[in-house]
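> Chain order of the listed sequences is A and B. Per the working numbering, residue 1 is the first one in the first sequence, and the count goes up by one each step. Per the working numbering, residue 1 is the first one in the second sequence, and the count goes up by one each step.
For the record, the hints were derived by calculation from the structure and aren't laboratory data. Don't take each hint at face value.
[Unchecked claim] Residues on chain B that point at chain A, a partial pick, calculated with CB under 10 angstroms: (1) R38; (2) L116; (3) R119; (4) D122; (5) V124; (6) V140.
[Unchecked claim] Covered stretches of chain A, going by a simulated chain B footprint (3 or more residues, C-beta under 8 angstroms): (7) 6 to 16; (8) 57 to 65.
Every residue gets a Cβ at the ideal spot worked out from N, C-alpha and C, and that includes glycine.
Below, each chain spelled out in residue letters.
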Amino acid sequence: MSLHLEARREGAVRVLVLEGEMDAQTVGPFDQEMEACLAKGDVRIVLDCRALSFIASAGLGVLMGVLGPIQDAGGTIVLAGVRAEVRRTFDLLDFSVLFPFADDVTAAIRLAAEGARE
Amino acid sequence: MPVPVRAVRFSLPADLAYLDVARRFLAVLGDKSGLSEREVHEIQLVVTEAMTNVIEHGYGPTFEGGIVDLEFEVSDEVLVLVLRDRAPVGFDGAGPEVDLERYRAERKVGGLGLQLMRRLFDEVAFAREEPDGANLVRLVRRVRRGE
Numbered sequence: 001m002s003l004h005l006e007a008r009r010e011g012a013v014r015v016l017v018l019e020g021e022m023d024a025q026t027v028g029p030f031d032q033e034m035e036a037c038l039a040k041g042d043v044r045i046v047l048d049c050r051a052l053s054f055i056a057s058a059g060l061g062v063l064m065g066v067l068g069p070i071q072d073a074g075g076t077i078v079l080a081g082v083r084a085e086v087r088r089t090f091d092l093l094d095f096s097v098l099f100p101f102a103d104d105v106t107a108a109i110r111l112a113a114e115g116a117r118e
Numbered sequence: 001m002p003v004p005v006r007a008v009r010f011s012l013p014a015d016l017a018y019l020d021v022a023r024r025f026l027a028v029l030g031d032k033s034g035l036s037e038r039e040v041h042e043i044q045l046v047v048t049e050a051m052t053n054v055i056e057h058g059y060g061p062t063f064e065g066g067i068v069d070l071e072f073e074v075s076d077e078v079l080v081l082v083l084r085d086r087a088p089v090g091f092d093g094a095g096p097e098v099d100l101e102r103y104r105a106e107r108k109v110g111g112l113g114l115q116l117m118r119r120l121f122d123e124v125a126f127a128r129e130e131p132d133g134a135n136l137v138r139l140v141r142r143v144r145r146g147e
């Protein structure tokens with residue numbers, strides 16, 4: 001199982017669609033994409049997690065690594081459609097409090113746009 | 001009806017490309033044992049973390065041909081997972097709890113796997129077996145069927 005990543009733009013928001021399983025083997029492209037967003041100042045980010053079926057600490061490490069700089073740059077990372085098992089991993093590390101979660105991608109895009117404006 | 005799976009041993013290459021193979025295998029074993037989906041996911045998570053530690057820190061990026069042996073044993077009450085390897089570097093399990101604020105400030109990207117293991121299993125023990133010099137990670141917890 002690999003991790004398939006697709007990026008698109010919705011107005012001022014960068015949407016990354018994640019499909020598959022994120023672990024130390026598959027996290028590389030996601031890491032590069034997040035760092036590239038940060039480098040370009042593209043910091044209003046929605047992660048469409050509806051098809052993400054597994055996340056290990058390697059994925060959470062990447063998220064935690066970019067969260068501070070993205071927030072410092074006035075941005076946000078909103079997680080959309082997160083499955084229960086993936087959410088559980090966030091909960092286990094008390095990371096859920098650090099990220100806004102949205103049930104669907106439309107709401108997440110709105111949250112990301114609003115969050116970045118505040 | 002669940003088939004009682006008492007103890008199963010299997011070996012995988014110490015290669016990150018086999019993390020998903022371990023998860024598939026554990027899913028089948030968990031299902032056969034009548035474990036809940038949530039419990040299977042938690043087993044997959046801790047084994048992914050433990051295997052990743054062995055591959056990245058035990059064997060390291062230059063070692064070739066390493067093997068990780070896994071044991072899965074479930075009774076009515078207790079679930080035991082054991083990972084055994086012969087990496088040159090073992091791990092003593094020492095490490096502080098992750099401090100979220102510090103983690104965020106330092107952009108630190110390690111130490112989370114051990115935290116997950118500790119939160120999901122009652123016993124997380126690291127040891128070096130003599131005389132053959134194998135490193136061992138043993139994870140034990142009460143079976144939580146239906147929780």
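> All hints are to be evaluated individually against the structure, with a verdict given for each.
So, going through the hints one by one against the coordinates:
no.: 1; hint: R38; result: 7 angstroms, holds
no.: 2; hint: L116; result: 6 angstroms, holds
no.: 3; hint: R119; result: 5 angstroms, holds
no.: 4; hint: D122; result: 15 angstroms, violated
no.: 5; hint: V124; result: 14 angstroms, violated
no.: 6; hint: V140; result: 18 angstroms, violated
no.: 7; hint: 6 to 16; result: violated (count 0)
no.: 8; hint: 57 to 65; result: holds (count 7)
Consistency note: the structure conflicts with the earlier hints numbered 4, 5, 6, 7.
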